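Here the sequence shown stands for residues 42 to 293, numbered as in our numbering.
You may find that some hints are simply not true.
To be verified - Straight-line alpha carbon distances no greater than 30 angstroms define the calculated DSSO-like cross-link-like pairs of lysine-lysine that follow: (1) 105 <-> 216; (2) 105 <-> 194; (3) 194 <-> 216.
If you are wondering where the hints come from, they were derived from the structure by calculation, not from laboratory data. Owing to the predicted nature of the structure, the values given are computational and were not obtained by experimental measurement.
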Amino acid sequence: MTDKALAQADPEWLALISSAREWLSGPLGQMLLNDEQRVLEEELGRYFGGYLVHYGPGADTPPKAPQVQRNVRLGAPLPGVEIICEEQAWPLCEHAADVVVLQHGLDFCLSPHGLLREAASSVRPGGHLLIVGINPWSSWGLRHVFAKDALGKARCISPSRVADWLNLLGFALEKRRFGCYRPPLASKAWQSRFSGWERKAGSWQLAGGAFYVLVARKMVVGLRPVNPMRREPMGKLIPLQMAKVNRRHTEP
Numbered sequence: 042m043t044d045k046a047l048a049q050a051d052p053e054w055l056a057l058i059s060s061a062r063e064w065l066s067g068p069l070g071q072m073l074l075n076d077e078q079r080v081l082e083e084e085l086g087r088y089f090g091g092y093l094v095h096y097g098p099g100a101d102t103p104p105k106a107p108q109v110q111r112n113v114r115l116g117a118p119l120p121g122v123e124i125i126c127e128e129q130a131w132p133l134c135e136h137a138a139d140v141v142v143l144q145h146g147l148d149f150c151l152s153p154h155g156l157l158r159e160a161a162s163s164v165r166p167g168g169h170l171l172i173v174g175i176n177p178w179s180s181w182g183l184r185h186v187f188a189k190d191a192l193g194k195a196r197c198i199s200p201s202r203v204a205d206w207l208n209l210l211g212f213a214l215e216k217r218r219f220g221c222y223r224p225p226l227a228s229k230a231w232q233s234r235f236s237g238w239e240r241k242a243g244s245w246q247l248a249g250g251a252f253y254v255l256v257a258r259k260m261v262v263g264l265r266p267v268n269p270m271r272r273e274p275m276g277k278l279i280p281l282q283m284a285k286v287n288r289r290h291t292e293p
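Starting from the given sequences, assemble the full structure and let the hints guide the process.
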């Protein structure tokens, strides 16, 4: 099944996802994913329902929502993916999921608009969509401009632009979080020097973190108002004259 799916997949898309997975498995990618794991587990712990859908190129086990009955991972035909599909052809019914997580899905895709529409359609009214992306306004975004590895292929879409797209798709932005304020340096010595700044910047939630998490809620479609029945105007009641009784003629 996987070999057949690999043969049928778009080679450009598959090469992009494969290179992103390889980079995320390296030291810098692991540092990023470890910080994201903590933030996502905090957010996902608040949700409950039947299905959570995760889409992203990472090879590690994605964070799960403990109060959601079924966690499903879909995407490219690579190890760990349960449901194989292309980015714009999710095999899900409309409003099928209570929570959808796009973890670097928009960073590594051929059509961010198409992928976001597919994810948004899968969320039920009142459900949540969580988007994790590389922040272009950070040291990691600056490295992305000059990088020759998979990070250089990332789109690094700004959180404000993604928030505008979500608004057009009928989502209300509930929360915006940032994380990983250490520079993209693999040296452990340099990372330890920035540990104090990491704690302070994280508590202040400065906008210069390496990644952002957008939490958006799909607006519930309101019921169609029922027009009140039209009431025809009624004429005025005219008092009728009462006949007077002449007692002298009625008495015996």
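Looking back at the numbered hints, which does the structure fail to meet, lowest number first?
-> Those not satisfied: there are none.
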